[in-house]
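Engineer: Using the hints provided, position chain B relative to the given structure of chain A.
Going line by line, the protein sequences match chains A and B.
Using this note's numbering, the letters of the first sequence correspond one by one to residues 19 to 179.
Using this note's numbering, the letters of the second sequence correspond one by one to residues 2 to 191.
Among the hints, erroneous ones may be present.
Derived EDC-like pairs: lysine to aspartate or glutamate, alpha-carbon spacing no greater than 20 Å straight-line [what the hints assert, rightly or not]:
#	chain 1	residue 1	chain 2	residue 2
1	B	LYS41	A	GLU155
2	A	LYS63	B	ASP35
3	B	LYS174	B	ASP156
4	B	LYS41	A	GLU172
5	B	LYS101	A	GLU71
6	A	LYS163	B	ASP98
7	B	LYS161	B	GLU183
8	A	LYS74	B	GLU164
9	A	LYS74	B	GLU171
10	B	LYS41	A	ASP91
11	B	LYS41	A	ASP59
12	B	LYS36	A	ASP141
13	B	LYS101	B	GLU152
14	A	LYS163	A	GLU71
15	B	LYS119	B	GLU47
16	A	LYS63	A	GLU100
17	A	LYS145	B	ASP175
18	B	LYS101	A	GLU172
19	A	LYS111	A	GLU155
20	B	LYS41	A	GLU71
21	A	LYS145	A	ASP91
22	A	LYS78	A	GLU130
23	A	LYS78	A	GLU122
24	B	LYS180	B	ASP98
25	B	LYS41	A	ASP107
26	A	LYS78	A	ASP59
27	A	LYS78	B	ASP71
28	A	LYS78	A	ASP107
29	A	LYS145	B	ASP98
30	B	LYS180	B	GLU95
Ranges of calculated distance between the beta carbons of each label pair, as one might list FRET restraints [claimed, not checked]:
#	chain 1	residue 1	chain 2	residue 2	range
31	B	LEU42	A	VAL58	21 to 27 Å
32	A	MET127	B	HIS158	46 to 52 Å
33	B	ASN147	A	VAL58	30 to 36 Å
34	B	ASP6	A	PRO31	39 to 45 Å
35	A	ALA110	B	ASP51	34 to 40 Å
By construction, these hints were calculated from the structure, which means they are not laboratory data.
Quick caveat, the model's predicted, so the values are computed rather than measured.
Just so you know, even glycine gets a beta-carbon here, dropped at the ideal spot from N, CA and C.
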Amino acid sequence: MSKFKRKGKGGTPAISTASLPDIVFMLLFFFMVTTTMREVDLKVKNTKPNATEIQKLERKSLVSYIYVGAPKDRLATQFGTEPRIQLNDAFAKLTDISQWVETEREARMEAERPLLTISIKADKKVKMGLISDLKQELRKAQALKINYSATPGEIFGGKKK
Amino acid sequence: MARRDAPEINAGSMADIAFLLLIFFLVTTTMDVDKGISRKLPPIQENIVDPPPPIRQKNLFTVLVNSNDDILVSYGRTGAGTENREERYVQATEIRDLAKVFISNFGKDPFSSDNPQKAVISLQNDRGTSYEMFIAIQNELTAAFNELREEEAMDKHGKKMDELTLDQAEKIKDMYPQKISEAEPVNLGG
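Okay, chain A solo, but in the shape it has when bound (with noise of 0.2 Å):
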């Protein structure tokens, strides 16, 4: 009869998994911190063209975003290939956006008003006709304050052209 009974087989102790919850919230929160739901449902195709000398939007609640672009192929059938406007959830005709200007102001605190700003959100095979004819409508509602969205890259994704 041996007094210190051997453990196990020697082999590898297994190692503790207590600290894996820890881990796995610890990214949990970051996530939760650092991203921002979607709250519009995208109905066009949004590929930003690239830039090197952008900046960055402070104060996301002072922002709203116009999106434009061909719609999404699964809406094709019902809308057509042409480039169009996504204001919120719907599509938007060149006429409706100086009213959805107006919401969107009256959606802010009034001292914050004149910061509100435009971020036009374009596809970068959208023709500038259509942006021009948008930036006359956001003239027109005293919209000034405007921000062309871009991913952050080389032009043209460094090819030349």
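Structural biologist: Frame of chain A, contents of chain B only:
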């Protein structure tokens, strides 16, 4: 009476629950950082009482883009009309250096801009120009200004722009005001 210990709750499935939540957030959220080129649109003038004074041709750097995304840059020359201006077809990547030379001329070349305050860059695009090209050109023009400001900051204070105090940065920005005019588009065709 023997006190019974509360049974220990098995925490083994905690990780699974956390993973489930994690995956949910990973899928539903998008890392949508908003970055872009900021611009200010000019207000609409209903009836112009007194038209702005004309800009001298030498202080004007024009970038024309047609619907094929070809770029024509014209600058320099003092003549009254446009006939004496230097006109060149360029690539988008060449604009930055051309604009820098033009803005920071300080009257050295009598046919180029007097000083950065007077230098105006005019961007005229066609209705058929692609948005990508427009942003590329906007980007290059902004880059020209930013580089000039950086150089000035290095010269004057030996620091980068974002290391300067607000006051110093403001002064340098005033030295090189970003005067980019976006003309209303025309049908240049092509």
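Engineer: Compare the structure with each hint and give your call.
Structural biologist: Hints versus structure:
Straight-line distance between C-alpha atoms of LYS41 of chain B and GLU155 of chain A comes to about 14 Å, which keeps the hinted pair within the 20 Å bound. With a C-alpha separation of about 17 Å, the suggested pair LYS63 of chain A and ASP35 of chain B falls inside the 20 Å cut-off, and the hint holds. Restraint check: the Cα-Cα separation between LYS174 of chain B and ASP156 of chain B comes to about 14 Å, which is no more than 20 Å; the hinted pair holds. In summary, the hint linking LYS41 of chain B to GLU172 of chain A is not supported, as the alpha carbons are separated by about 23 Å, beyond the 20 Å threshold.
Our distance criterion of 20 Å between C-alpha atoms is met by LYS101 of chain B and GLU71 of chain A, whose separation comes to about 15 Å. With a C-alpha separation of about 28 Å, the suggested pair LYS163 of chain A and ASP98 of chain B falls outside the 20 Å cut-off, and the hint is violated. The suggested pairing of LYS161 of chain B with GLU183 of chain B is violated, with an alpha-carbon distance near 29 Å, which exceeds 20 Å. Taken as a hint, the LYS74 of chain A and GLU164 of chain B pair is honoured in the structure, with Cα atoms around 17 Å apart against an allowance of 20 Å.
Restraint check for LYS74 of chain A and GLU171 of chain B: the C-alpha separation of about 19 Å stays at or below 20 Å, so the hint holds. Annotation: proposed proximity of LYS41 of chain B to ASP91 of chain A is violated, straight-line Cα distance about 34 Å (limit 20 Å). For the given pair, LYS41 of chain B sits about 28 Å from ASP59 of chain A by alpha-carbon distance, which is inconsistent with the 20 Å threshold. Between the alpha carbons of LYS36 of chain B and ASP141 of chain A the distance comes to roughly 15 Å, so the proposed pair stays at or under 20 Å and holds.
A distance of roughly 11 Å separates the Cα atoms of LYS101 of chain B and GLU152 of chain B; the hinted pair therefore holds under the 20 Å criterion. For the hint pairing LYS163 of chain A with GLU71 of chain A, the CA-to-CA distance comes to about 17 Å; that is within 20 Å, so the pair holds. Between LYS119 of chain B and GLU47 of chain B the CA atoms are separated by roughly 26 Å; this puts the pair beyond 20 Å, and the hint is violated. Distance restraint check for LYS63 of chain A and GLU100 of chain A: the Cα-Cα separation of roughly 11 Å lies within the 20 Å cut-off, and the hinted pair is therefore satisfied.
The suggested pairing of LYS145 of chain A with ASP175 of chain B is violated, with an alpha-carbon distance near 34 Å, which exceeds 20 Å. Restraint check: the Cα-Cα separation between LYS101 of chain B and GLU172 of chain A comes to about 19 Å, which is no more than 20 Å; the hinted pair holds. Annotation: proposed proximity of LYS111 of chain A to GLU155 of chain A holds, straight-line Cα distance about 11 Å (limit 20 Å). Taking the CA atoms of LYS41 of chain B and GLU71 of chain A, the gap is about 16 Å. The hint holds against a cut of 20 Å.
With a C-alpha separation of about 19 Å, the suggested pairing of LYS145 of chain A with ASP91 of chain A holds against the 20 Å cut-off. Between LYS78 of chain A and GLU130 of chain A the CA atoms are separated by roughly 12 Å; this keeps the pair inside 20 Å, and the hint holds. Restraint check for LYS78 of chain A and GLU122 of chain A: the C-alpha separation of about 13 Å stays at or below 20 Å, so the hint holds. Under the criterion of a C-alpha separation no larger than 20 Å, the hint pairing LYS180 of chain B with ASP98 of chain B is consistent with the structure, at around 16 Å.
Our distance criterion of 20 Å between C-alpha atoms is broken by LYS41 of chain B and ASP107 of chain A, whose separation comes to about 26 Å. A C-alpha spacing of about 18 Å is found between LYS78 of chain A and ASP59 of chain A, which places the hinted pair at or below 20 Å, so the restraint holds. For a cut-off of 20 Å, the pair hint linking LYS78 of chain A to ASP71 of chain B is broken: about 36 Å separates their Cα positions. Annotation: proposed proximity of LYS78 of chain A to ASP107 of chain A holds, straight-line Cα distance about 18 Å (limit 20 Å).
Under the criterion of a C-alpha separation no larger than 20 Å, the hint pairing LYS145 of chain A with ASP98 of chain B is inconsistent with the structure, at around 26 Å. Between LYS180 of chain B and GLU95 of chain B the CA atoms are separated by roughly 19 Å; this keeps the pair inside 20 Å, and the hint holds. Our hint of 21 to 27 Å for LEU42 of chain B and VAL58 of chain A holds, since their Cβ atoms are close to 23 Å apart. At about 38 Å, the beta-carbon gap between MET127 of chain A and HIS158 of chain B misses the expected band of 46 to 52 Å.
Checked against the hint of 30 to 36 Å, the C-beta distance between ASN147 of chain B and VAL58 of chain A comes to roughly 32 Å, which is consistent with it. Taking 39 to 45 Å as the suggested C-beta distance range, the pair ASP6 of chain B and PRO31 of chain A does not conform, at roughly 26 Å. Remark: the range hint 34 to 40 Å for ALA110 of chain A to ASP51 of chain B is upheld by a beta-carbon distance near 37 Å.
When the structure is compared with the earlier hints, violations turn up for hints 4, 6, 7, 10, 11, 15, 17, 25, 27, 29, 32, 34 and for no others.
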